[in-house]
Amino acid sequence: MTDNILEVNNFSVKFPLMKRGLLSRQVGEFTAVNNVSFSVQRGSSLGIVGESGSGKTTLVRAILRAIDPASGSAVFQSHTGAVDLCQLSNKALIPLRMQMQMIFQDPFASLNPRMKVADIVSEPLVIHRPEQHREHRQMVIHMLERVGLEADTLHRFPHAFSGGQRQRIGIARALILNPSLVICDEAVSALDVSVQAQVLNLLVDLQQEMNLTYIFVAHDLNVVHHFCEQALVMYHGSVVESGPVEQIFTSPRHDYTRLLLSAIPSLDPDIKLSPLDRNSLSLE
Amino acid sequence: MSIDTILSIRGLSVMFKTEIGEHLAVNNVSLDMKRSQTTAIVGESGSGKSVTAYAMMRLIQAPGKITSGQIICTPAQQESFDVLQLADNSDALYHLRGGLMAMIFQEPMTALSPVHTIGNQVMEAILTHQSVTKAEAFELACAMLDRVGIADASQRMQQYPFEFSGGMRQRVMIAMALVCKPQILICDEPTTALDVTIQAEILALLKELKETIQISLLFITHDLAVVAQIADQVMVMNQGRVLETGSVRQILNDPIHPYTQNLIAAVPGMKQQDRLRPVSNKPDPTDYPSYSLIPVKGDRQVALPVSLIPEEYHL
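In order, the protein sequence lines correspond to chains A and B. When the count follows my numbering, it moves up by one through the first sequence with no breaks and lands on 293 for the last residue. When the count follows my numbering, it moves up by one through the second sequence with no breaks and lands on 1068 for the last residue.
To be clear, the hints were calculated from the coordinates, so they are not data collected in a lab. Idealized CB from N, CA, C, for every residue including glycine. Don't take every hint at face value.
Unchecked claim - Derived lysine-lysine pairs resembling DSS-like cross-links, with alpha carbons at most 30 Å apart:
(1) A/K100 - A/K23
(2) A/K281 - B/K787
(3) B/K960 - A/K281
(4) B/K1050 - A/K125
(5) A/K281 - B/K963
(6) B/K1050 - A/K281
What the hints assert, rightly or not - In silico negatives: residues of chain B with every beta carbon more than 12 Å from chain A:
(7) F769
(8) S789
(9) G822
(10) P828
(11) A829
(12) Q830
(13) L837
(14) T881
(15) E892
(16) A896
(17) Q1003
Chain B extracted, bound-state conformation (with noise of 0.2 Å):
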């Protein structure tokens, strides 16, 4: 493992016990994220990459439950360790949760609380994981809201978030996710809620965070313009599998597996076009078999059988 990385996940397989039998939400699945860079997940829905990311904070519940597979996190200045070996209910592991990983969440109004005000909610994630007097937490949390771009944050502090708009209450998630200086931000679909002008608003801020804060970014999306304008490293996903991993210029601009392409050409592009070509909504299995990520040239890897992989980028 080079130095860089901090975190790297190895054939982490997630089952869900359903009535019907046992489905593999995540299936064998590797990804490393390099430090200090934004890696997506790309895929539809039901394809697996929120599982993925809940299962790196070790938030997957019953019925659903972790079955193989290595979390390898390496902190900065720190000893890496496995995410999985944790003990639950450990230090350590209420420490990840909040005080190394923090999330995004997609609905910014489901994911605060209705009834606590704004400043509560952001001190609450100071006061578990800092020890800091109530004085000092709400000077953490004002400058913190401050720094996202929250005017007149010790007014609004006092507000609840029925008070603020979509792309104000996504502001608090990143202020609250950020207040306990994470190393690693997973953000969860954060801008599909939102309006284009917002949206760009929220990118634009995600983007200047990682710069001045060297914060590690996971971002999960289906958009894929989103994707292009963020992302350093993309990992596409469809039914539980990794199907494609490289560079977002290599995945937006010169995809290999045909599933890659299909999500690309199903964008309603600037150019109007005749006819979308949305993926098949059934997915016959036969279509991309379990074939497993094999090396190919430029640093990127495709599940696809050698024969089906195009000359010019065999190793």
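Bound conformation, chain A alone (with noise of 0.2 Å):
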């Protein structure tokens, strides 16, 4: 038996087309994610690719009831059995919170630049641990040890961090409680080339140390080909192609991922660009 951490069955988020003024109302909606099953195997790494605005984002906020889904299920195994995350109320979600994690993309603008870094990564035990409130001081030293930042950081403002160390403070704020589930939400898009390697290598050495999950979110083909086992490639809210990341590299079957392909540059100023004209496809 295969030992799925997620399951997504038929998932669906729509938003209201609202009409504006005195007395908006709804006059239709937009169907942001569209039907999408899924599943992911514990302790492996599954890639989302695709455009803006195909909804790889709006799918894993979903999935964390970050935005409620319009229909379907997400069955995640928490510590303490299967749940559909999809049935629970808010209140309910609450300890399953701690079990699943985001990373964010823009280190800029997901740290609070009026907190210190020791608030930052200790705010989520601060919710979710306050009985232990006297190793929390503790706990953040060790966890900002493991993602190679010095306890010195502790009372230092994000502002003083370059993008990369600012990026590893969001991985530290993320794994502090001990996920299975962490979501990495384009989390290397901003970095340089050099400083994604180191960001990528320890997000590898991490999953193994702690047994992690992945879902990466991402637009950079290479990044998900290099860093997951398994992708789905989406297109105007619709997985378009799911499979091992390297039969889909290798042996694409829909025109959408051929097109995305195709887009990606070489290393190699021999081997041309030439991307597929997107109106001679049938993308949908």
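Combine the two chains into a complex, taking the hints into account.
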């Protein structure tokens, strides 16, 4: 039997289209995520790729119930057993939140500029483990060490750090509760290539140490190819292709995947970029 | 200086005064831009690549200061002059910014004004640099937007930047930059904020424009794959210094400097490899001491002591 930490079935997210004005009313709805099904194996990494507006971020935010899905189920294997995240009330979700954490794209926007690093990283502990408050400081120092930051960073503000260091702070905050599922929403997109390589290596190390499962949202296909075992390709809210990364990259079945792959610039100056023409493809 | 060099930087240094002392953001940089070709500056954040470009347009503001160097510009059918010798607020400097050189920025949403229509912003550039009527400026702006691939240009001129997608905004930026027919176009990470499919479209547009209107491009990026696709000449910068220059094939296929080799190894490739090799994030100054560039075989330069340059590259 396969050990799937998350099983998502017929998952849809819709946004209301409102008529503006004094008597605002709903005039329709926009389907941002359309009937998506997939599963993630424990300890593996799943990549979600697609262009902006394809619904990849909306999908992961709805799985975490940051926004409410319209229909479908997302069955999560928590420490206490399988639960459908879509059926739970907000209150019942609270204890589950510490098992599912998120790392955000923009290391400048996702850290409160008025909080010190110690407060940023310990905030999840204050919320979820207030009874252990005596040990918080030690746990924070330990976590910062694991992500490669020294203890003297504790009392500094985010502005004092470079992009790569800030992303490490974001990772420390996500991992301090010892989650089992970590969602990385474009976690390395804002970073330089060499800093990106450091952060990707760190994520791989932490995955092995802490037995983490990653859902890795990215538009950089090379990063997904390097980092993930399985991948979903999303286009206009639907999954157009899914499977092992190697298969998607070597023998793509859907035209949209072919378009994405053809748009990746090669490091070899003699291999010229020749993206497929969007209009000649059957994308729907 | 050979005739086909449009811009030649010699010994440029830019200093920033900070609380903890003076910092040389650009340290004795020399660069030759060939006419109608694409020169790329590659480096990590903080390597001084953007500051070099800003210095070319005299856009360095306090606490920064250009402390030494020459920037010799030779526009077509004109006398060459030193950009750094132009007086502040002079007409020549005014003409240089936007007229002779233009710049495209990384983030088109912050570079465009959110409270002015696209048409207003493109027309502003024309009205600043050319003596034309508003109606003529409107026509010129429409034609240029059409040229960079914005359909229905006269309608879209009335719209605001938030009504455009990221790729479309970048096309507007390109139109704004090109509308006064500059001879040098500086692109500061123009595709970093874009999706891979949109990036491919913008790269194709820039390439096509370069070939049809004979413009010289200075391309600043940290993405080596983009460099491979668009550049003719490449300069690798780190810590404000130039470490290696050469043609795009020389730099990417056969790098000499260990830093360049590391930078290429840090790119996640299409081949699945076990582990990326990041460049150390705390560069030890003793790793790459300030050797000056020395010429090596194949019309390229590298900043290494002669003893560390492999024998086959010696002149």
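Outcome of the hint check:
no.: 1; hint: A/K100 - A/K23; result: holds (23 Å)
no.: 2; hint: A/K281 - B/K787; result: holds (22 Å)
no.: 3; hint: B/K960 - A/K281; result: holds (12 Å)
no.: 4; hint: B/K1050 - A/K125; result: violated (52 Å)
no.: 5; hint: A/K281 - B/K963; result: holds (16 Å)
no.: 6; hint: B/K1050 - A/K281; result: holds (26 Å)
no.: 7; hint: F769; result: holds (16 Å)
no.: 8; hint: S789; result: holds (18 Å)
no.: 9; hint: G822; result: holds (26 Å)
no.: 10; hint: P828; result: holds (29 Å)
no.: 11; hint: A829; result: holds (27 Å)
no.: 12; hint: Q830; result: holds (32 Å)
no.: 13; hint: L837; result: holds (29 Å)
no.: 14; hint: T881; result: holds (33 Å)
no.: 15; hint: E892; result: holds (29 Å)
no.: 16; hint: A896; result: holds (24 Å)
no.: 17; hint: Q1003; result: violated (10 Å)
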